[in-house]
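4 protein chains.
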Amino acid sequence: MGKIKVGVAGYGTIGQRLADGVAMQGDMELVGIADLAPTLSLQALRERDMIGANGVEYKLFLVDGADKSAFDAKDIPVAGTFEDLCKQVDVMLDSSPGGVGASNKEKYYEKLGVKAIFQGGEKNSVADVFFHGYANFEKGVGQNYLKLTSCNTTGLIRTVDALDRAFGIEKVAITIIRRVADPGDYHRGLTNALQMDKAPTHQAVDLMTIMPHVDATGILVHTPVTHGHIITVLATAKDGKKITKEEALEVFNKHPRIRMVSIDEGFRGNASLFKYARDLGNRRGDMYEIAIWEDSIVESGNDIMYAINIPQESVTIPETIDGVRALMGVQTTREDGTAATNEYLGIGKFKK
Amino acid sequence: MGKIKVGVAGYGTIGQRLADGVAMQGDMELVGIADLAPTLSLQALRERDMIGANGVEYKLFLVDGADKSAFDAKDIPVAGTFEDLCKQVDVMLDSSPGGVGASNKEKYYEKLGVKAIFQGGEKNSVADVFFHGYANFEKGVGQNYLKLTSCNTTGLIRTVDALDRAFGIEKVAITIIRRVADPGDYHRGLTNALQMDKAPTHQAVDLMTIMPHVDATGILVHTPVTHGHIITVLATAKDGKKITKEEALEVFNKHPRIRMVSIDEGFRGNASLFKYARDLGNRRGDMYEIAIWEDSIVESGNDIMYAINIPQESVTIPETIDGVRALMGVQTTREDGTAATNEYLGIGKFKK
Amino acid sequence: MGKIKVGVAGYGTIGQRLADGVAMQGDMELVGIADLAPTLSLQALRERDMIGANGVEYKLFLVDGADKSAFDAKDIPVAGTFEDLCKQVDVMLDSSPGGVGASNKEKYYEKLGVKAIFQGGEKNSVADVFFHGYANFEKGVGQNYLKLTSCNTTGLIRTVDALDRAFGIEKVAITIIRRVADPGDYHRGLTNALQMDKAPTHQAVDLMTIMPHVDATGILVHTPVTHGHIITVLATAKDGKKITKEEALEVFNKHPRIRMVSIDEGFRGNASLFKYARDLGNRRGDMYEIAIWEDSIVESGNDIMYAINIPQESVTIPETIDGVRALMGVQTTREDGTAATNEYLGIGKFKK
Amino acid sequence: MGKIKVGVAGYGTIGQRLADGVAMQGDMELVGIADLAPTLSLQALRERDMIGANGVEYKLFLVDGADKSAFDAKDIPVAGTFEDLCKQVDVMLDSSPGGVGASNKEKYYEKLGVKAIFQGGEKNSVADVFFHGYANFEKGVGQNYLKLTSCNTTGLIRTVDALDRAFGIEKVAITIIRRVADPGDYHRGLTNALQMDKAPTHQAVDLMTIMPHVDATGILVHTPVTHGHIITVLATAKDGKKITKEEALEVFNKHPRIRMVSIDEGFRGNASLFKYARDLGNRRGDMYEIAIWEDSIVESGNDIMYAINIPQESVTIPETIDGVRALMGVQTTREDGTAATNEYLGIGKFKK
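First to last, the protein sequences are chains P, B, R and C.
In terms of this note's numbering, the first sequence opens at residue 1 and continues consecutively.
In terms of this note's numbering, the second sequence opens at residue 1 and continues consecutively.
In terms of this note's numbering, the third sequence opens at residue 1 and continues consecutively.
In terms of this note's numbering, the fourth sequence opens at residue 1 and continues consecutively.
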């Protein structure tokens, strides 16, 4: 069997990283990317002669409404239309702005028989399965349309699913300390304020959709930073079972997409993780793993409490790649699917 | 009986507000304030001819090591030495930098028979009682030395004590989203980072000192803002009892030092509370009440979760004034003591 | 002659402070304020029983489109319609959102013979004179409509006008380091970014409108802070004349609305000025004076360079009050007009 | 002739990037790096098996006072002592903390006959020449010790030197809008404040040391951001000569280390440049070029005013590499020296 042919719709913060992630999969081919306007990210790609991650050329297709002359003006080569791209791919990773994915599905994917994975901005009803690589991989196998959990939910579920498989979790209460903007954003921002969202936060609700046996709730507070959400989680096991710090540590240590860090080592906050990823030489300073601070883990009666760092720009990439594997059925279990993704992305190599 | 004679040592962020709070008590006399250097706050006081809150003149005394010529150079009048001040007061509110309070106790308070209340920076051992006006007023009655809870702990205990008296609380897990600096601070700050503290945070430990029947733990994250900490609290009642949102609301609504607010009304975050206090015309834009967002309250199984805003500069003032009442024994119950403080500070008038 | 009857349209950041400023003028009467919705600022006013600055009751009138039931729901008393207010005033201070002022002029002011002063958000053409109390007071005398300079321009012109009267200025080049939001703003903000505006910045253009003999240009950069713009100014005198630091200092020291400060005294940045104003006990922590850092003043060849702090929320209040005086002709010279305003606002008392 | 053997002392923010820069030079060999403690940056290097830029292995040597067991505990391999490193290199790039460089010179460089380049933290007297690759390359040729200009001065001089060679510059007045911390810094920071430095700022003084025929002064304001200083420059040509915007543009466009950008293209501020460098796939998201906003350039009488973005972490790397070339005399003119550096670093390829 040949490589899985993949396209990426929308070359924004997530789309760029999806393209990079696909370009790194030995068993996938990045057929192309699609966008509407010659953004800074596309100007940067052109400055590198359209060569992206892993030495792969990223061919650019234009979505409906795009003005080709604007691309010509910046010498950005165009390979065709979005329909052209759709016709050449097995799976489209749709990271278009919210709502556009649903429209693309109706206009293109259904008609052309293209499978698709939608990002968090779309409604759940756009997809057959609300998907997470570790929590419900098997539900996605052989489906046509998946919707990925958003960045916070993706990282959160990695930890709750791992605890759940080890101990059986019945309840979680979370506090999301949310970064309010990405580096380079000017259209949204917050200056010297912490901003409240109405509770319960949607990430708790989303967790319950994926893990219906868990009772989840929580509060979200926006903070004026750009590098990584921090979530505190209080998890309660079933039947009054106690989870000790040592037991939790053992579970987290084994997870390929969880990086245990500590303040003592120098990881003083979310900015340390970003700096570390830059120093690793990772493309764009990205990191696929979430981090848990070992010195944040405390026992609360029988419950366990801990703090996670979520690298919001890149955390959903591995689970989306997992989704491609599930949709195409090249792997049919969570173990095999996530292992293949991890191998190609270099995830888990840091584990000793 | 005459007015209680009170002094304030240290005219920093807390000391200024303690002086203002005392100046507003009809049954207390602010004998004077003491400091080391002609800070901006003292320059501002001089520009107002040494007239502070409520039209009261604030007489300035110099602590050991102060250079009087520096005050002369700025035309700031000096009324005497710290010892002079000690000799004229019944109670000293000591808001000196951490460690200086203990030294003052040994050098002055014990020798001159002056009672004192220390702020959060001192060790607990400096005082007879670790004090909170609502949680353990009676323990402070007739004592010589109290230590006040710090700003976060003071506000947190207001809520946990209220729930405890209503339902019996056995466990709390908190996440403190801490403002990292006060307005006007340059010596400390944080730029585009969330910074972790090792768990458990001291505020949880302090709560257990005051309320030993409660099991408390939590995680603290510093954030780059200046107006008000936000704490999320998950409180568990004894014996598996459920606390409903309505029950919690009823309890919070009755507390004079808790202000219920909502996002819908316009209180979108911590900066809204600061703006509101400024618009109220409050001196320095301060607020004595903590706020709880009504639309943050959620049930987590039988537990109740909610978010508090802590106005860090002024929140401890009422409980410190309560402490003066306890030390002097002019009131002997929490109801009477806090009611007198509230009356003079105008607290609770907003309750409908 | 009786007091000048003044109304304020729009009780936002500027409107509140205009109302306070009018309430402090011994020869003016604040007839009322007008707004559209029961904002937090109006909720705060109600909590104080509608009593604003100087013990004055602020009567509330509703502008077109306001829903009275929304005010009733919050127990905010309503005194009438905007038209009712217009009929009772000599001058309306219009601090409505941009564009509404022009509409008000057409619908109400012209028909009812009400004079008006518009804030910076309106187009210059709405008014007879683009006004600054110190730079062109006399041009406003006896007119019907004035437009005030915006916050940065108001403060900037105070300094350039003062230098111009002393030395004759022919050219200024400015860099505006702009605070991006006011305390309590959530609808605009900037997180970890400096944002450029296209040059030349409008404040330089506005300065040339008021002072047409000066060639002005400049660059504006938005910064993620809330307390006070900082402007650096490079001013060139006519005919190659040199301005020394001492000469500049002498001029600035004499200006009632300029406060000379220094880093050595403790004024380390814009947040120090805000803290100082809070410590002065000023309502809302506001300050009417701009500040110039004495230790920022440097000579550049024959030119003089200095840095100004602009308290953006309150700086335009005195010049607007000056405008009322000009419109009504109660004073007819800049010296008399500004002196009367300063006297009532307590400006300049800090001068030794 | 063999490759130039280069070492890097201090693997902090600058040292890491110097090592990367050397690793990219075809005619240089990175013999090793030296540091004191197993920082996060060294932990990241170890996670990549000590492989840095361009596939080069970075051998680690320990400076005096280092505790080898701390490196062993983290499995970081150690190749020897700082003295061992010194004995193997022709030139040491010393990016130690301020003051340590002078001590290294005395203890090692002079005794062992090692040439060295010191970073901005050292005193000028440590070196034979205060060096800038474009402004005074020839002065460094054949010397033993150079001191590099700091990040702001390096970028600033690129522009002033270019204008000077084209038009003859006699005076500049600058405003530095300084980022207060680097990404990942917790030990310094600023929260909701603009902080003033006393004028004149040292960068203006440093410029005059390098370009003594120019009269320079300026004001520096610290701002709470991490990505790139912005400097506004007002430059005056000799003899009253006018510099037009078109002339300035032509000069800037030709400079390999100046990138012309515009708000219209999407470069809305300093964060856009950082995002762009990340999107380019540059290691650590770094950029060697400064940027000038085309739409910031304005004429002020005969003078020209413009705004520069300084990528503070990486801007000094090319000029330091230039310094190696000068010291070793492999090139003897600014044209040849900077051209070789640019070629290996890929600088100027973006020019059309």
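Quick caveat, the hints were computed from the structure, so don't treat them as lab data.
Mixed in with the good hints, there may be bad ones.
Note that identical chains are pooled: a pair holds if it fits in a single copy or bridges any two copies.
What the hints assert, rightly or not - Within a straight-line C-alpha distance of at most 30 Å, the following computed DSS-like cross-link-like pairs (lysine-lysine) qualify: (1) K245 to K74; (2) K68 to K198; (3) K349 to K74; (4) K111 to K59; (5) K111 to K245; (6) K123 to K107; (7) K254 to K74; (8) K198 to K171; (9) K241 to K171; (10) K74 to K198; (11) K242 to K5; (12) K238 to K107; (13) K123 to K74.
As the structure is a computational prediction, the values presented were derived from the model and not from experiment.
| request: Please name the hints from earlier in the document that this structure breaks, with their numbers sorted from lowest to highest. | output: 5, 11, 12 and 13
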